[in-house]
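J.: Each chain, letter by letter, is given below.
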Amino acid sequence: EPEVTQTPSHQVTQMGQEVILRCVPISNHLYFYWYRQILGQKVEFLVSFYNNEISEKSEIFDDQFSVERPDGSNFTLKIRSTKLEDSAMYFCASSRYGGTSYREQFFGPGTRLTVL
Amino acid sequence: TQLLEQSPQFLSIQEGENLTVYCNSSSVFSSLQWYRQEPGEGPVLLVTVVTGGEVKKLKRLTFQFGDARKDSSLHITAAQPGDTGLYLCAGGKYGNKLVFGAGTILRVKS
Chain F
1 EPEVTQTPSH QVTQMGQEVI LRCVPISNHL YFYWYRQILG QKVEFLVSFY
51 NNEISEKSEI FDDQFSVERP DGSNFTLKIR STKLEDSAMY FCASSRYGGT
101 SYREQFFGPG TRLTVL
Chain D
1001 TQLLEQSPQF LSIQEGENLT VYCNSSSVFS SLQWYRQEPG EGPVLLVTVV
1051 TGGEVKKLKR LTFQFGDARK DSSLHITAAQ PGDTGLYLCA GGKYGNKLVF
1101 GAGTILRVKS
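Heads up: the protein sequence lines correspond to chains F and D, in order.
In terms of this note's numbering, the first sequence has 54 at position 54, counting the first letter as 1, and numbering is strictly consecutive.
If you count the second sequence from 1, you need to add 1000 to reach this note's numbering.
Simulated from the structure, these hints should not be mistaken for laboratory data.
Don't take every hint at face value.
[What the hints assert, rightly or not] List of simulated lysine to aspartate or glutamate pairs, EDC-like, C-alpha gap at most 16 Å:
hint, chain 1, residue 1, chain 2, residue 2
1, F, Lys42, D, Glu1005
2, D, Lys1109, D, Glu1017
3, F, Lys57, F, Glu44
4, D, Lys1093, D, Asp1071
5, D, Lys1056, D, Asp1067
6, D, Lys1056, D, Asp1071
7, F, Lys78, F, Glu68
8, F, Lys42, D, Glu1038
9, F, Lys78, F, Asp62
10, F, Lys83, F, Asp62
11, D, Lys1093, F, Glu56
12, F, Lys42, F, Glu85
13, D, Lys1093, F, Asp62
14, F, Lys42, D, Glu1041
15, D, Lys1109, D, Asp1083
Could you put together the complete structure from these sequences and hints?
T.: Quick look at the structure:
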């Protein structure tokens, strides 16, 4: 069964460094998302992406964050200058349908980001 | 701000018992998705309900979407230790993001 994959599974970085989290969505899906989950807290929406554009972003997704679909398979989240509070699990998700249809989102296993 | 309140936060029951988890909001959602999440892993989709009053069954799990599409419930019949885990509800609108509840930690003791 097709699934969303993410790499790396765990990333440790120093405060102020740039990190890139990578995702391979399900192949026939058109809508891509990033969420994060700080330890012990709710899963929070960061950004959604369709047709090579951001379609919605949360207030968390500030200028330090960017997303890109550099080729036909990968979807990346970049954090330019990491802060201690960026430490969290980052989940990529994808869905096939859009427009006015409901969007059933399938999640990857996550990348645990630890900022020291 | 759209919020989804889940209750209870924690549930510990004996094997064979029945249980219900609730997900409530003051907002209307176009869909309500239930996920199960294991520690250190991503949420795994269990079911999606989209029509007010809809009921879906997945083996011993029964999911219901409220008539007004503001609330949902997950009922487990004859719980088993393998049902232990974190259950999340997430509401979607005709847009992009899912709004997640805080989750219900279920522990089924044998």
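J.: Now, for every hint given, state plainly whether the structure supports it.
T.: Hints, one by one, checked against the model:
no.: 1; hint: F:Lys42 to D:Glu1005; in the structure: 11 Å, holds
no.: 2; hint: D:Lys1109 to D:Glu1017; in the structure: 10 Å, holds
no.: 3; hint: F:Lys57 to F:Glu44; in the structure: 11 Å, holds
no.: 4; hint: D:Lys1093 to D:Asp1071; in the structure: 14 Å, holds
no.: 5; hint: D:Lys1056 to D:Asp1067; in the structure: 14 Å, holds
no.: 6; hint: D:Lys1056 to D:Asp1071; in the structure: 14 Å, holds
no.: 7; hint: F:Lys78 to F:Glu68; in the structure: 8 Å, holds
no.: 8; hint: F:Lys42 to D:Glu1038; in the structure: 14 Å, holds
no.: 9; hint: F:Lys78 to F:Asp62; in the structure: 11 Å, holds
no.: 10; hint: F:Lys83 to F:Asp62; in the structure: 13 Å, holds
no.: 11; hint: D:Lys1093 to F:Glu56; in the structure: 12 Å, holds
no.: 12; hint: F:Lys42 to F:Glu85; in the structure: 15 Å, holds
no.: 13; hint: D:Lys1093 to F:Asp62; in the structure: 23 Å, violated
no.: 14; hint: F:Lys42 to D:Glu1041; in the structure: 14 Å, holds
no.: 15; hint: D:Lys1109 to D:Asp1083; in the structure: 10 Å, holds
Taken one by one, the earlier hints fail for this structure only at number 13.
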